[in-house]
Amino acid sequence: MGLESMIGGEGFLTTKINDLVNWGRKNALWPMPFGTACCAIEMMATFSGRYDISRFGAEVVRFTPRQSDLLIVSGRICLKMMPVLQKIYRQMPEPKWVISMGACASCGGVFDTYTMIQGVDQFIPVDVYVPGCPPRPESLLDAVFEVQKIVSGEKLDSGKHGS
Amino acid sequence: MSDDTPPPETPPGDASPSNQQPAPHPVRAALPPLIESRILDEVTHGGQTGFIVRTPDQRAILEHLRFEQNFEFLKDITAIDFLGRDTIERFQVVYVLYRIPDKLNIRLHAWLPEEVESVPSVVDLWDSARWSERETHDMFGIVFDGNPDLRRLLMPEDFPAFPLLKDYPLKGRGERRQFPLVRPRGNEMVEDAPLPYPVSIGRGMHTPEYVEEVQRESKPRKK
Ligand code: SF4
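Protein chains in written order, with numbering that gives the first Met the number 0: chain A, 0 to 162; chain B, 0 to 222.
Pulled from the structure, derived: some chain A residues nowhere near chain B, Cβ distances all over 10 Å: (1) Cys37; (2) Met43; (3) Ser47.
Interface residues of chain A toward chain B, partial, derived using beta-carbon atoms under 8 Å: (4) Leu78; (5) Lys79; (6) Tyr88; (7) Asp111; (8) Ile123.
Please keep in mind that the hints were generated in silico from the structure rather than gathered at the bench.
For every residue, glycine included, the Cβ atom is placed at its ideal position computed from N, Cα and C.
Start from the sequences, fold in the hints, and give me the full structure.
Below you can see the structure in the form of structure tokens.
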């Protein structure tokens, strides 16, 4: 059924170590949900049975950054929350990727006020942006696919991601 | 509503001032005359009555309402900035009181001049004043004398402004850009230096151009 049937015979497989590692990483993303507002509700829906992000290998939701490699920033980030978000991003081990979910996290949304961060990409690197207010769970799933594409293109010796 | 139908014994068109004067509010009538005389005005809106005084007269009234008239619940303390309006002072500190047995709401508005930094705290009358006063301080920079813990409540502790003042711009003065950019480089996380922090602009420390503009557009205050 799975890999074994493709390998066949003696059970050998030739591939590049780069591809093998990326294949493993992209199909086992462990998200760290950073849900601060209404977008987090859609994120929860994405994790739950109806949309079921585990079909794509990203179901192990960790509430500790030390055990995760995909940060999903979903919701408004205010002045007091930005240092927390940065701290959590720094605590995540390499390699790590970031999804900025929703209008608020990506650009401040309708909240153009003194206390709202106008886009978290000013202060942490963001890989994939999800438009919408809130984005549908399908959009978040699509963002996970985009992250998977990014992951499969990573080079182990690129110097990025702590290698 | 009651003005629409004048009492039948009064001929129409002969409304003497005493007819327009409603009976004093029972809470006001129960105040001692010395305190009652400090009330400048009385407004009723939506069935809720508010008395308007000047600081620091509100302290004596609040004490009386607390201990003699048994207003045991302080719902909220907040403030209003009337910058650019035709009012006698710039700020109003608003106390919203509630008497639980007869479900009676009373507001007390205290005019606070711009030059006066502080009003007396009412933490000794109601414990719930602690956070209300902290919030009002956080948003308007009004100091509540006697509050034991007057730190900021909502904004970051080092926030350099009081954001609900009318002369503070909605989008801030650059405070929301004051974070380093964190990004990975090789094995490490590096931080690019943040932008310089904006000039501190506490109360009375707004830019001269802005003050000029506001003064040009505002009507003179009646004192
Ligand atoms: S983008 Fe819309 S749904 Fe998402 S946090 Fe902002 S306001 Fe809420």
